[in-house]
Amino acid sequence: MKITGAQALIRALEHESVDVMFGLPGGCILPAYDPLLESTIRHILVRHEQGAGHMAQGYAHVTGRPGVAMVTSGPAATNMVTPLCDAYMDSIPMVAITGQVSTTAIGSDAFQECDTVGITRSVTKHNELVMSADDIPMLVRQAFHIATTGRPGPTLLDVPKDVLQAQMTWHWPSDDEVAAALPGYRPTTKGHQKMIKQAARLILAAERPVLYVGGGVLKARAAEALRELAELTGIHVVTTLMARGALPDDHPLCLGMPGMHGNATAVAAMQRADLLIALGARFDDRVTGRLDGFAPDAKVIHVDIDPAEQGKVRRPDVPIVGDCRYVIEHLVTALRQMMESGNEQADTSAWKSRISGWQEQFPLTYTPSDSGHALKPQFCLEQLRDAAPEGTILASGVGQHQMWASQYWNFKEPYTWVNSGGLGTMGFAVPAAIGAKVGCPDRTVWAVDGDGCFQMTAQELVTASVERIPVKIGILNNSYLGMVRQWQEMFYDERYSEVYLSTELPDFVKWAEAMGCVGIRVESPEEVAPAIDKANSINDRPVVVEFRVDASEKVFPMVPAGASNDDLVLPASQSAQGAALR
Amino acid sequence: MNRSDKRTTHHILSVLVQNRPGVLARVAGLFARRGYNIFSLAVAPAENDLQSRITIVVDVETSPLEQIVKQLFKLIDVVKISELDPADSVERELLLATIRSVPDARSQVIELTSIFEGKILAVGVDAITVSLEGHPAKLDDFEALLDGYGIVELQRTGRVALSKLDRTARARATTRKAG
Numbered sequence: 004m005k006i007t008g009a010q011a012l013i014r015a016l017e018h019e020s021v022d023v024m025f026g027l028p029g030g031c032i033l034p035a036y037d038p039l040l041e042s043t044i045r046h047i048l049v050r051h052e053q054g055a056g057h058m059a060q061g062y063a064h065v066t067g068r069p070g071v072a073m074v075t076s077g078p079a080a081t082n083m084v085t086p087l088c089d090a091y092m093d094s095i096p097m098v099a100i101t102g103q104v105s106t107t108a109i110g111s112d113a114f115q116e117c118d119t120v121g122i123t124r125s126v127t128k129h130n131e132l133v134m135s136a137d138d139i140p141m142l143v144r145q146a147f148h149i150a151t152t153g154r155p156g157p158t159l160l161d162v163p164k165d166v167l168q169a170q171m172t173w174h175w176p177s178d179d180e181v182a183a184a185l186p187g188y189r190p191t192t193k194g195h196q197k198m199i200k201q202a203a204r205l206i207l208a209a210e211r212p213v214l215y216v217g218g219g220v221l222k223a224r225a226a227e228a229l230r231e232l233a234e235l236t237g238i239h240v241v242t243t244l245m246a247r248g249a250l251p252d253d254h255p256l257c258l259g260m261p262g263m264h265g266n267a268t269a270v271a272a273m274q275r276a277d278l279l280i281a282l283g284a285r286f287d288d289r290v291t292g293r294l295d296g297f298a299p300d301a302k303v304i305h306v307d308i309d310p311a312e313q314g315k316v317r318r319p320d321v322p323i324v325g326d327c328r329y330v331i332e333h334l335v336t337a338l339r340q341m342m343e344s345g346n347e348q349a350d351t352s353a354w355k356s357r358i359s360g361w362q363e364q365f366p367l368t369y370t371p372s373d374s375g376h377a378l379k380p381q382f383c384l385e386q387l388r389d390a391a392p393e394g395t396i397l398a399s400g401v402g403q404h405q406m407w408a409s410q411y412w413n414f415k416e417p418y419t420w421v422n423s424g425g426l427g428t429m430g431f432a433v434p435a436a437i438g439a440k441v442g443c444p445d446r447t448v449w450a451v452d453g454d455g456c457f458q459m460t461a462q463e464l465v466t467a468s469v470e471r472i473p474v475k476i477g478i479l480n481n482s483y484l485g486m487v488r489q490w491q492e493m494f495y496d497e498r499y500s501e502v503y504l505s506t507e508l509p510d511f512v513k514w515a516e517a518m519g520c521v522g523i524r525v526e527s528p529e530e531v532a533p534a535i536d537k538a539n540s541i542n543d544r545p546v547v548v549e550f551r552v553d554a555s556e557k558v559f560p561m562v563p564a565g566a567s568n569d570d571l572v573l574p575a576s577q578s579a580q581g582a583a584l585r
Numbered sequence: 015m016n017r018s019d020k021r022t023t024h025h026i027l028s029v030l031v032q033n034r035p036g037v038l039a040r041v042a043g044l045f046a047r048r049g050y051n052i053f054s055l056a057v058a059p060a061e062n063d064l065q066s067r068i069t070i071v072v073d074v075e076t077s078p079l080e081q082i083v084k085q086l087f088k089l090i091d092v093v094k095i096s097e098l099d100p101a102d103s104v105e106r107e108l109l110l111a112t113i114r115s116v117p118d119a120r121s122q123v124i125e126l127t128s129i130f131e132g133k134i135l136a137v138g139v140d141a142i143t144v145s146l147e148g149h150p151a152k153l154d155d156f157e158a159l160l161d162g163y164g165i166v167e168l169q170r171t172g173r174v175a176l177s178k179l180d181r182t183a184r185a186r187a188t189t190r191k192a193g
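Chains as they are written, first to last, in the numbering used here: chain H, 4 to 585; chain C, 15 to 193.
Everything labelled a hint here was simulated from the structure, so no lab data went into it. All residues carry an ideal CB built from backbone N, CA and C; glycine is no exception. Heads up, some of the hints might be wrong.
To give a feel for the contact side, a few chain H residues facing chain C, derived at Cβ under 10 Å [as the list claims (entries may be wrong)]:
1. T85
2. V120
3. K128
4. R293
5. S500
Just chain H, with the same shape it has in the complex (with noise of 0.2 Å):
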């Protein structure tokens, strides 16, 4: 029996167990809108194209799942392009499918149309466009096996609206006919034996080893393995910005995040280690600071699933191409057989007891608020976290509140942090906290947000409310573009360029309650914890609680752009011990 283009679109993305997309419909793809009214597929209706794109990214992240973001042609697509370089820059699996002019309109500047594959050709792990209805089923198997496997990333479908017309035969693609249509992909996801051999032998000779946790071990779902490895061994752990909750933040071995606002402790420990284990992370700039005086004394072991970040930044002396869950957990068998048989590691004991000296002597710190003086942000995570229900998950923006989130938040588990780290896409946390929310009902999702940052995406909170999706918002009000303010006191001499927003407008409360949430403000330390108990306590709609807080407190520990590590800026109160860390 015959169907539609449109009918088998659908019927695609239900036999690739979607069962929920996000988007929002328009001329080109609205054929394919029509038979969405029979399916088991909950689609969420978004304000703005981009947020489609966050929430299914933000959905990605805490399910594992690829996330489906679903609009029509032109403007749609173009809106698209932020939330897919965004999935790109992060190795988030999604699929985007965007409507297109007719075949036959292609190419005559039709309207609404423009050239999504060609614009989005970059920012993508692969896209097409499907010219005849019965490529669909191939193509959406394909696109989802591409965005899942490997590396993963983003994909994107452009269906031209005479091929979701047309009629089409059924028919559902084997595996084989799938791998068989893709001769060129074929990821490597069993690590080289002689090279686990080779890294378990550097890992027992090292006496200062750290293990280096990206990203791509949560992506591998390694989390697992990884406390296996790191306990196995001894050896302390950092989890960069798109790691966190790969170790527990509370587990004796995690020294938390590295990196430009990463904590003194784990940022010397690489500077410092003869050995980096890098597992799944890719040496970004963030991480590594000025790269010829980034850990001048480490050999490093490089696990990577995608070739190409082995040597791109930091030539490994053990490379390894292979998912990072087969590699650790083959890389622990190797270990525990070397032990077996007699092979001792080396003493580790003097690094262990410089590293607890190091965390002794540089913990995370601010100075807290006189009372009746401005609220600091960092108060207000610490009451956040504190009060924060088992499970919760915590998203967030780009900026200054996004490093506090990361310092001062507790991680205690895998998949309960969404951030944009590659890209740094200001506007992030509320769309991409609410596709968290749609992917996990059952756990409190909160985003914390900048006031910079929510006035670019706020309007999804609408959506959130509609659809009944009740995530909590925590706006960090500096009335500044916070972390450009630090940049500009730091290194422009306090010349501050276009970075005041405003202490008046826009009224946050009364905006949230306009977009059916519940609106709070908070001015004085005392009113943060009763504020956060009452949205905590608040289940049936979002919550607004906006923080207004102190615009002159800065991120500290900070490695200033384009300096060494080894020159890293210390919070004031312990900047004069500064030598220890060397």
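Start from chain H and add chain C according to the hints.
Showing chain C alone in chain H's frame:
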């Protein structure tokens, strides 16, 4: 540009791709996006008409070959990449040139072309079009000699290359292949 001088910093990649719409744009876009320089590029269907072979000469002074190969291989439509060492490969290129030739010079151009075993393709009143197929270095030499007569128009195809057949041992070209 003096092509011969630069040749030492060039590497030849023979890239087998799925013969699909947009594949050349993907390859070219990747070079642009990552800041790699293409020196020449030739593309045509390969032995299996579902696939095309792209011969890319890359300038490795400006970009690390290993990264180029790895990034290229991440493209879903790229099936196989062979890095061809000039010493272990056969290279060919085609050159077409129209030369200004007053009657006096015409016979000299014809003679030059015949020394190089090229062909005369067309003769006009005051110009002559010649072709030469061969190793790119031979084309460089021919082009340099033609220059003295006044080149009106010149077009080279960019080189194509295949591994040399090795009769003693297995081919030495390093190959990346899916699977």
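### R293(H) as chain C interface residue, shortest Cβ-Cβ below 10 Å
Violated, because the Cβ-Cβ distance from R293(H) to chain C comes to roughly 20 Å (cut-off 10 Å).
### Query
Hey, does the T85(H) contact hint survive, CB to chain C under 10 Å?
violated, 17 Å
### Task
With chain C as the partner, please determine if S500(H) meets the hint condition of a C-beta pair closer than 10 Å.
violated, 30 Å
### Message
A closest beta-carbon separation below 10 Å is what the hint needs, so does K128(H) meet it against chain C?
### Response
holds, 8 Å
### Minimum beta-carbon distance criterion (10 Å), V120(H) to chain C
holds, 7 Å
Against the hints set out earlier in the document, violations occur for numbers 1, 4 and 5.
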